[in-house]
Amino acid sequence: MSKQTPNQLAQWKKEWRQGFEREKARILVCAGTGCVANGSLDVYAALKQEVEARGAYVTVDVLLEKEETGVSVVKSGCHGFCEMGPLVRLEPSGILYTKVKAEDAAEIVAALLDGKEPVERLLYRHPVTNEVYAEEEQIPFYHHQQRTALVHCGQIDPEEIREYIADGGYEGLQKVLTTMTPEQVCQEIIASGLRGRGGGGFPTGRKWEFTRIEKSDQKYVVCNGDEGDPGAFMDRSLLEGDPHRILEGMAIAGYAIGANEGYIYVRAEYPLAVQRLKKAVADAEKYGLLGQNILGTDFSFTLKIKEGAGAFVCGEETALLASIEGKRGMPSPKPPFPAQSGLWGKPTLINNVETFANIPQIIVKGADWFSQIGTKNNAGTKTFAITGQVANTGLIEVPLGTTLREVVFEIGGGIRDGKKFKAVQIGGPSGGCLTKEHLDLPLDFDSLQAAGAMIGSGGLVVMDESTCMVEVARFFMNFTQNESCGKCVPCREGTKRMLEILQRAVDGEGQPEDVEILQDLAEAVRDGSLCGLGKTAPNPVLTMLKYFKEEYIAHVVDKKCPAGVCSALKGYWIDPEKCKGCSKCARHCPVNAISGEIKKPYTIDETVCIRCGACVSTCPFKAIKEG
Amino acid sequence: MEQKNTVLIDGQVVEINGEKNILELTRKIGIDIPTFCYHSELSLYGACRMCVVEVEGRGIMASCSTPPTPGMKILTNSPRVQRVRRTVLELLLANHDRECTTCDRNGSCKLQDLSNRFGVKKIRFGERDVKLPLDHSSRSLVRDPNKCILCGDCVRMCSEVQGIGVLDFAGRGSQTVVAPAFNKNLAEVECVNCGQCAAVCPTGAIVVKDETDRAWAALNDPTKTVVVQVAPAVRVALGEEFGLPAGEIVTGKLVAALKRLGFDKVFDTSITADLTVIEETNEFIKRLQSGERLPQFTSCCPGWVKFAEHNGADFLNNLSSCRSPQQMFGSLVKKHWAKDLGKKPDEIFVVSIMPCTAKKYEAALSNMTTEGVADVDLVLTTQELARMIREAGLVFDQLDVESFDTPFGFTTGAGVIFGATGGVAEAVLRAAHEFVTGQPIEQVNFEAVRGFADRKEATVEIDGQEIKVAVVHGLGNAKKLLEEIREGKADYHIIEVMACPGGCIGGAGQPISPDRETKKQRAKGIYNADKLSQLRKAQDNPMVAKFYERWLKEPNSAEAHEALHTTYSNRGRITGEEIQLIAGEQPKVDIAVCVGTCCYLDGSYDTLQKLMKLTETEQVQDRINLHATFCLEQCEKGPVIKVDDEIINAVTPETVEKVFKEKILKKLAAAGE
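In order, the protein sequence lines correspond to chains W and F.
According to this note's numbering, the first sequence is numbered sequentially starting from 27.
According to this note's numbering, the second sequence is numbered sequentially starting from 8.
The shape of chain F in the complex, shown without the other chains:
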């Protein structure tokens, strides 16, 4: 009878209750089987082989990919199992850059942790034989392939959760690496800097770019007034770095810490989130009335904005033109508040503390400046701030709470909930009704848009009109939604998109936490902070009203546009140097074959292959500079090739030979004469 639906794990009878794999079953009974590549949110990969167990009659099996079947006899810690695990760790360490002491992930590295746990004390094999260059090109992230254990977590995170697929495997055998397409740098591909790859990386192979040095330098520069803004999501996560539970609101201690670090003024980004609500809601109402550029997408998330610039050129007009709260803050400080202080923009150094890595990229955008000076000078993540606090020796727990400075310190709950997925949509809904009808709404909680579901929807009636709202988080979900809109299968008026799963509280700049529970606690903290706020609606913020009075006149005015809005541009997916396929010494004719998605689907890859063959058979390799390119923007006429400056459409594998003979060989002949 115990055979019925049970297995024997290390001699213990365990009932199977719908567990997908042995790993889940063992975790249920309190055995923590080690893993590198197993994540419940990502697809099964089965590569790290740490989770192996021994199954009687079947030998060593990966517990992550083996479903438990009744009667199985499983050993989770047999000598053979131990040998595989220790060997895996030893092999990984042998090939790993073991400069642990100077690694960003020292102390939070899974390889370090497991090696310690399994008592790997000696490496019997040689050192890593190649030192690969680091990729510092990104504003937000640093890739160190020498620390990569090829677990593929980043690859699957980027493609499966974020729907992008910037990273993938290249090469074979021990030469295998994780890299962007054509081994380009991160800054040259369609990476949106969301940093989720770094958040899921078990080692220091992808880390958030540390810029604390620049913060210290500014703080020690007597010519600068250093002001700092703190994003909503930071206050519910920073405590984790100092042993406090996830979701605990540490705003007061956070402000105190920043003051003790030497920041001249400590402000709250939530106030410009309130301002965003006013601007964006007004913009939305106008669009609603005119029926144009709907659905309106939020634009607070720089990861999403860049994603749209790469993959949603057809939707760029639908994005709200509002800058993000971070940039509104920087802009107001440099354009207006500086004048109050009698200072020039470059005399004020604006630092942001953000849960986000993409904010580093956003702050560096060339159109986010005042008189040629960046509106936000430096973005630090929650992780980096924690490091500064530790470096300064501040005992976080013992700090006495302090409050934000004026004028950018007074906030409402609306601005605070920007930190969780659904928050922006909820804050806009709290305002929209009032803006249209002139009547404040009683019920400010919109539960339907809260929580961690992939897509949340709500329909709200405003002045007799049904407004359909959608909220997505995780760019993969956004991608699906865009696709449905394109196909006419989805219809909304306003859509909130946050790049990171869970919204900003799940940003890659937050303390590293592998589990979803932590994110849930942080979200709870955000909504608690909202609940505790005296004012819940952005339009009730008296300081925001003052900004309009003094600096911005009225929502969506020319002044507001100048300071608070921006424009977007279509970005190609790959930049930088061209991808050489056949490098000729004296290239006479330049042929570029588009291998963008549309052309690829039309067969451009075969066209390319045929061209390569044709150059070989015609023996003109040295006279043709053949390369692949991304998107010649003639997507409906693919496959597209470019011969010198001439774009030729519809060069299919069938017609390529004709084109080659008529265009290219003739050109070569002409050039030869």
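For reference, chain W alone in the conformation it holds in the complex:
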């Protein structure tokens, strides 16, 4: 492409905006991983075919210079409401159809083109109130959110750079290149109060400034997209839904710290994200927004994509850098920090996907705008992946400081099946659990840390009364043990032994002294581990011991699982009041654990019982109890 000028961007924006404005309507089919898995690509094909069959002009590519206005059917990034997918959004009306199937295409197109009422059975219906919502923004799940990082996800075609530009994309980059010094950029980010969205919450601007002041012939910008927490998919959605925003954020960072090379480290298990990133990088290069002399300035910045090999620990920055270098992904002690000696020993700025996603808007709208979102010291919004036993699961974005109650009960729609809220596990295996007494806790870096949990990358698992907290701790410990890199002793051996102790508890082989040993070991592992993975690995255990100690003691002392989850601890007994002595249970018991005299209450020999539960379902009088 010939030499650009900074004005080029404004021209493109104007031109392509007009292209979109000529459209009569757009149908956006969610092509995030969740919806694709549910068949959204078939829906996309069916809608396209239907629109064509109706003779309406269809723009697959709206920017072809055609005179007619038409209806375009495009693929979008993730809307976040994955459990309701495949999702189809209509513009300009903002109508959201949920759980759409290919067969619904005709009806949807008919309603749109013939100006009829929306297809009601495809609209979102609140599971508790039964209320029906037509417009996406009105659905409680969205209504309580403030989507700034995710603003484009589900709204534009992520594979189309022109849509991003038409909506103001790359204006932040243009602004820093033409009107700001690198130092000013760092100061702007510092002033915004943005903190690292990868979980640590370190002030982003300060990190930039540290890297900027290092003297070196070569520096790097690295984007950490090694999202590995079970159930977390914030970074994936951003990379899939709005890849250019990340590229722009990284290029701004490159300018600010004096780097002209960058790496995006993304999980190989995110093939769609990888594919869209590759296309985005290629497109940005094509339009001169990456590469040499960006927008005709002296600034050059190239990006490489590095696919991770599936190690959780590579989300730790020093391990990630080792992995990019082709080494085993193992953390190394800090100092030196990456800002001083990072990738190949050069000063390196490493930020999380979501952190970079926030950058362009901070630059365009200003630090003041950003710092007014959220709370003091916790500016801006944060994305969370909300899963578990809530009515609405999916990807959300709220201002920092939003209470857990709002997230669980307003956005999440409360607990499913009328059960009681018990806890949330926040921050995945590095985080901890919070209880109902924390429901009014503001979700921000500092409050969560004080409560023993952490934001982590933003996984939020909601648990109801039927969840066994010991089993939850065991699950996460099993995860960290498998994902420990094996380098330092406390993490490698300590997680193994914590797992051993927790396994014993759920297997009914716990010992009373385990309570003290587990606490002591967890604290030593927290204190002694080399990297963040090890230091935070005990969090699920420590918070379980802090908030649900009774439940753990019940496992190891009384050999009971109060939630009735741990099968080894399930016991059955016959309520003599209800038992009529019919002997049906005894006949069904596969191990002859039940005995008694006809017409008198029967009893179960616990030493023989294998806890299969066969008796429970056979009893006509509901006399057999668990516990």
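Treat the hints as calculated values from the structure; they're not laboratory data.
What you are looking at is a predicted structure, and each value in this text was computed from that prediction instead of being measured.
Be aware that one or more of the hints could be misleading.
One-sided and incomplete, this derived list gives chain F residues near chain W with beta-carbon spacing under 10 Å [what the hints assert, rightly or not]: (1) A54; (2) R131; (3) K553; (4) Y555.
Ideal Cβ positions, reconstructed from N, Cα and C, are used throughout, including at glycine.
Following the hints, complete the assembly by docking chain F onto the known chain W.
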């Protein structure tokens, strides 16, 4: 003012004087913070977490990786610190094979020592759940992964100091192990048997192979004449095993001990070191005159020779063809001296006492034999000899000194200094001048090649020609030098290489000593022994002259070549069974992808990945036997793959699909018909 450049350690004001980390600072004031993975010669690793301290306002920090900053308040022994250390030890012990009494390192094990020091008396956790097989494959070393604490010292020693990288971590979490590539045995990879991994191992996870049983058996076999040779470096280190200071020359007591153990003759390897000097110097002068095969590399060190065979095929012609002094000795004994005694080679049992583990490997080489019998039957390290002395109940300190037997007992200082880095080069320089000019030199000390610098250089004028000498020790330094020569950045005539840092005195068979000071003392002992020698030059050794007269005719003669020289061969880096990546039940086509360095750099790994994907997408996994291989010796045409017997060059990630379709799928189709 005390804030200026000081820290507070346990309430004591300590000035920072350029110390890199808190650990160094605490050691300076006499606090011995425990470590497993911290070694000043290796890179910072920070994994053992024993060295933690508590820093006010920052919590628990590893002292090895935290630089002291003014005003820091450091506690080295707070309850939190103690808890981390004790927990680390307890966790390590829980996972450790605790058969301490039968362990080689019983008494010299750091884990044992620290556990004792920290009073760990009870292990609250379960036992080690898997018993991994031991690796006995190496001639020199035994690996016991059940005793490994994963401190990574061996890994860094092998890659950073020795430049090889035979060992690395594999697996995750508690399944992590240290192992050679593809979990192969040590004997199947490019291990050079230098044993520096064992020397640095804090526990018994890598130990020198103990062969004292074979020594006892030979000594108790009435049909054998058992002779023993002792390498120069042993005499300055053996004393350490019996409480004597490092570097003390214990030759007389050593000889006495060997005689009391029952060896029929006790000889000195230094005499065949003298012989090496004569042979190698003559060889060098010839090359110098013809200008061919320069620089000449020394060949006394079997670790270096094997390293060159793996990594320096382009330099094998430059190695001196001389066997090492150990093998010259064995060869002379079996080929010639045996006849003097009227014995057959297999009636004489030759034992070597060596500072070296690689010598065990060298003695077992198939071309080091006489009439099919090994020239050297058994190599024992200094450590093993000490064990025999202790077992026999000899009070080493009280032994009366004795002297070596003839004819292999008369030595010069030249042969003795072979034990320290630079010694061979110095001995050759003492001879070269005289051989060329016919004039003996007055100044026999070549200080420039002594000492512990990574590379030592000297330029010596011989008969008007400037001879450039380089000395390196530690194979990492040798590797760098080879690279510079390849790039035309270094130019020497003669180069001495010793695999171990410090030369033979730092061999892995020596008493275990973690610090460099010990090695320095040993080197000092070697040079003292040289200074005390009546004769300082190899060519002055009258017994060596006699060998030529009686057996070898003249230097580099056919007879000398037969007995004293050898040949080298290029060795692949990995041997043994092929590495299966996709194992098919009925493999129809065999594809090997070279993942050697050159091909790897050309992208062979991506080629391999694409091939794996292609076999999947084409659903021919069960018909393709895909494996990685090391070096198909077409390094300039990589990435190279081998399809059955056909070698295909330049199969890049871009062209692999075409090759797959045109060659492999067609082959499969043909095989299917």
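Against the structure, the hints:
Here the hint on A54 (chain F) is kept, as its CB sits about 5 Å from the closest CB of chain W, short of 10 Å. The restraint placing R131 (chain F) at the interface with chain W holds, with a minimum CB-CB distance near 5 Å, inside the 10 Å limit. With a cut of 10 Å, the hint placing K553 (chain F) at the interface with chain W is violated, because the nearest CB-to-CB distance is about 57 Å. Interface hint at Y555 (chain F): violated, since its Cβ lies 54 Å from the closest Cβ of chain W, which is beyond the 10 Å cut-off.
Hint compliance for this structure: hints 3, 4 are broken, all remaining hints hold.
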